[in-house]
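Engineer: Single-letter residue listing:
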Amino acid sequence: MTPAQPVILGEMPSLSKLYVNAAATAARRRVLGTHAGNGLPATRHEVRGVKAAVENLTAYQHLIGESASDVLPAGFVHALAFPLAMSVMNRDDFPLPLLGMIHLQNRVVQSEPLRFTDALDIRSWSEDLRGHRAGTQLDVVTEVRRTGEDAVSWRGVSTYLAKGVYLPGIDKPSAAPAPAAFSAPDPTALWQLGVDTGRAYAAVSGDFNPIHLSVLSAKALGMRRSIAHGMYLASRALADVGAAKGDAFSWDVSFEAPVFLPARVALDINTTQGDDGAWQRSDYVAWNARSGRKHFSGSVAAL
Amino acid sequence: MSVNGQSAPGPQDPARAATTPAAGPVPDRAATPQLRKAVIVGGNRIPFARTGGAYTKSSNQDMLTAALDGLIARYGLQDERIGEVAAGAVLKHSRDFNLTREAVLGSALSAETPAYDLQQACATGLETVLGLANKIKLGQIDSAIAGGVDSASDAPIAVSEGLREVLLDLNRAKTLPQRLQVLSRLRPKDLAPDAPSTGEPRTGLSMGEHQALTTAQWKITREAQDELAFNSHRNLAAAYDAGFFDDLLTPYRGLARDSNLRADTSLEKLAALKPVFGKSLGSAATMTAGNSTPLTDGASTVLLGSEEWADAHDLPKLATVVDGEAAAVDFVHGKDGLLMAPAFAVPRLLARNGLTLSDFDFFEIHEAFAGTVLSTLAAWEDEEFGRTRLGLDGAFGSIDRSKLNVNGSSLAAGHPFAATGGRIVASLAKMLHAKGNVDGRPARGLISICAAGGQGVVAILEAH
Chain A
1 MTPAQPVILG EMPSLSKLYV NAAATAARRR VLGTHAGNGL PATRHEVRGV
51 KAAVENLTAY QHLIGESASD VLPAGFVHAL AFPLAMSVMN RDDFPLPLLG
101 MIHLQNRVVQ SEPLRFTDAL DIRSWSEDLR GHRAGTQLDV VTEVRRTGED
151 AVSWRGVSTY LAKGVYLPGI DKPSAAPAPA AFSAPDPTAL WQLGVDTGRA
201 YAAVSGDFNP IHLSVLSAKA LGMRRSIAHG MYLASRALAD VGAAKGDAFS
251 WDVSFEAPVF LPARVALDIN TTQGDDGAWQ RSDYVAWNAR SGRKHFSGSV
301 AAL
Chain B
304 MSVNGQSAPG PQDPARAATT PAAGPVPDRA ATPQLRKAVI VGGNRIPFAR
354 TGGAYTKSSN QDMLTAALDG LIARYGLQDE RIGEVAAGAV LKHSRDFNLT
404 REAVLGSALS AETPAYDLQQ ACATGLETVL GLANKIKLGQ IDSAIAGGVD
454 SASDAPIAVS EGLREVLLDL NRAKTLPQRL QVLSRLRPKD LAPDAPSTGE
504 PRTGLSMGEH QALTTAQWKI TREAQDELAF NSHRNLAAAY DAGFFDDLLT
554 PYRGLARDSN LRADTSLEKL AALKPVFGKS LGSAATMTAG NSTPLTDGAS
604 TVLLGSEEWA DAHDLPKLAT VVDGEAAAVD FVHGKDGLLM APAFAVPRLL
654 ARNGLTLSDF DFFEIHEAFA GTVLSTLAAW EDEEFGRTRL GLDGAFGSID
704 RSKLNVNGSS LAAGHPFAAT GGRIVASLAK MLHAKGNVDG RPARGLISIC
754 AAGGQGVVAI LEAH
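These protein sequence lines map, in sequence, to chains A and B.
Everything in the first sequence is counted per the numbering used here, starting at 1 for the first residue and increasing by one.
Everything in the second sequence is counted per the numbering used here, starting at 304 for the first residue and increasing by one.
Don't read these hints as lab results, they were simulated from the structure.
Errors might be hidden in some of the hints.
Unchecked claim - What follows is a list of derived Cβ distance ranges for each label pair:
id, chain 1, residue 1, chain 2, residue 2, range
1, A, Glu112, B, Ala587, 53 to 63 Å
2, A, Ala181, B, Leu494, 53 to 63 Å
3, B, Asp493, A, Ala189, 33 to 43 Å
4, A, Gly194, B, Arg537, 48 to 58 Å
5, A, Thr271, B, Ala376, 18 to 28 Å
6, B, Ala376, A, Asp283, 20 to 30 Å
7, B, Ala592, A, Asp283, 29 to 39 Å
8, A, Arg264, B, Asp493, 31 to 41 Å
9, B, Val635, A, Glu112, 52 to 62 Å
10, B, Glu571, A, Ala248, 49 to 59 Å
11, A, Ala189, B, Leu494, 31 to 41 Å
12, A, Arg29, B, Leu471, 55 to 65 Å
From the three backbone atoms N, C-alpha and C, an ideal C-beta is built for every residue, glycine too.
With the sequences and hints as input, model every part of the structure.
Structural biologist: This is the structure we're talking about:
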């Protein structure tokens, strides 16, 4: 479902302005008690002719552990399109508060490689507003095409939760189900994440959300310490899967417990090969190396 | 200059030197088991970039992986377990101790492909080709990828010796007073970093200053050097225009051609440049930025295999690696010029193979400086050098200059030290294959690469 009404932006919106605007909107709604309604906007946002900055690409690749090739890593495309996706949730007629949204899941289908020399048309919209035991969730869909082409090269669906926000008629609070038992396997990798992990990813992704930057800025938003960006973690797992995944693949991640910084995160990657030895899929799961608590899990699979 | 012939087995054995010109021990071919051929399937490199240009932020591992991935894509080597991959870099970070293996792990090759690093200064790339070709000939491996990479932009910077010693001692200190005592040794000057240089450790002279001595010794003129540089740019530009590099190169970071290439340069422009090396010598300085190779970033790879392996994978067989030879000169006190080792290696290699310079259709003499190429050629044409240094009856010989670096060389393309060997081998293999047979024999090419430390590596390739 692609909303029919496009709003074509002249350039990629600025994330910092979006965050400031989101804070202002939140304050206004709190003071005035106004509400944007119960439905999602039937509008999609679009930016055309976007190009990645090569210095930024190289810095991203070095941070994440990708080979610095000319192909844009799937997580880099997410970061590139992220301001547009945020702008969709920052509209005045968007019914949920942008600040404090929790990233629950992310699903990407990379159908063909995109290079930094490609001009990209990016469109984004929100859909599927639905209930969640702890609030209200929705999907933000982003599609990336090479400029002038019909085929979607990259498609991402990010599921966000507005915790504690219950829109009338959609859902009511309910008790959390008992968490599925998780017993950590033997790790294939151990990540030492310093306190600067959030700032380092902010520098290459442009996502300067205060909850990732420092203890103080995170505390201002009610977190006890800063947390790692979910997409940073998922992108590192994707890089760890390596070149075997080829140019076309799907990449899913489900986030469970946030990674408070600094942290030692253990990771297990379990790869399945076909009878011919060709790579089919890699499933990954990451947990707190000390407590054994599961942080996130997902898979990368051949299309 | 000493008159001791390098070819002589003992230090004072002129008789032997005279009777076995330029030859080392000649193997008894009949007693040697028949070796199989090592063929060059093809190659791939990324365009070379002037330092501080398009690859400024790219590491050696990035560039080597990019060149490797282009090769893998061109020859369908995804998930292939290659017999062995060998590559290296001259300017290398200590963290890159397993540079080649890490590049393999980051590539689409099977993770079960072994790899090793090699370093022989500017001869690194050619030496990886020779070493791997030997393994193929011996039947130890069936396929191989040789390569090299260098970044002058992303060069390693080391801490000073003073700071390094303090840090190591600090690590060993057990108590707070001990630590403070160690720290008190630190001086402000210790905080200045050590950048790598192209200077020779034993002489303190840069490579350019060394070559300036040699250029003056062989009386190489400014005009001859500028002409060689001009030909290099003209030939490389023509090769690009003819599409010669279409299947030898993968664009990277927005570059599709070597960024040092000046297609529009002219002898007049080159003549207008001011000398940069040899300015303190008595004679007029002749070496400029135009007839010297600039610092460059880049990577190259070469795919090798046995004939059976190439056939089984339905891959081309462009050329065979016939033979190679390394040499070194005693340059430290000026007995020979720093970059003159190939002048000795080539006569030995040709004698071992029963060949003369007239038996070659292409000469690829690496242009570290125009003066290097011209000094080498001058030495070969010199009666005195031939008699006293090579142990020959007269001059070693001269080459047909129209066969020299016909698709350009390092003066135009640039010279990322360890990547130059792979560039030359892949290009020459393609040229030889296109030439096919000459007078009933396979077309033949000679490669000559000089290297820091007074070394040189040379090789013979033949069309398959």
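Engineer: Evaluate each hint against the coordinates.
Structural biologist: Okay, the hints, checked on the actual structure:
no. : hint                              : result
1   : Glu112(A) / Ala587(B): 53 to 63 Å : holds (59 Å)
2   : Ala181(A) / Leu494(B): 53 to 63 Å : holds (54 Å)
3   : Asp493(B) / Ala189(A): 33 to 43 Å : holds (37 Å)
4   : Gly194(A) / Arg537(B): 48 to 58 Å : holds (53 Å)
5   : Thr271(A) / Ala376(B): 18 to 28 Å : holds (22 Å)
6   : Ala376(B) / Asp283(A): 20 to 30 Å : holds (27 Å)
7   : Ala592(B) / Asp283(A): 29 to 39 Å : violated (56 Å)
8   : Arg264(A) / Asp493(B): 31 to 41 Å : holds (34 Å)
9   : Val635(B) / Glu112(A): 52 to 62 Å : holds (57 Å)
10  : Glu571(B) / Ala248(A): 49 to 59 Å : holds (53 Å)
11  : Ala189(A) / Leu494(B): 31 to 41 Å : holds (35 Å)
12  : Arg29(A) / Leu471(B): 55 to 65 Å  : holds (60 Å)
Consistency with the previously given hints fails for number 7 only.
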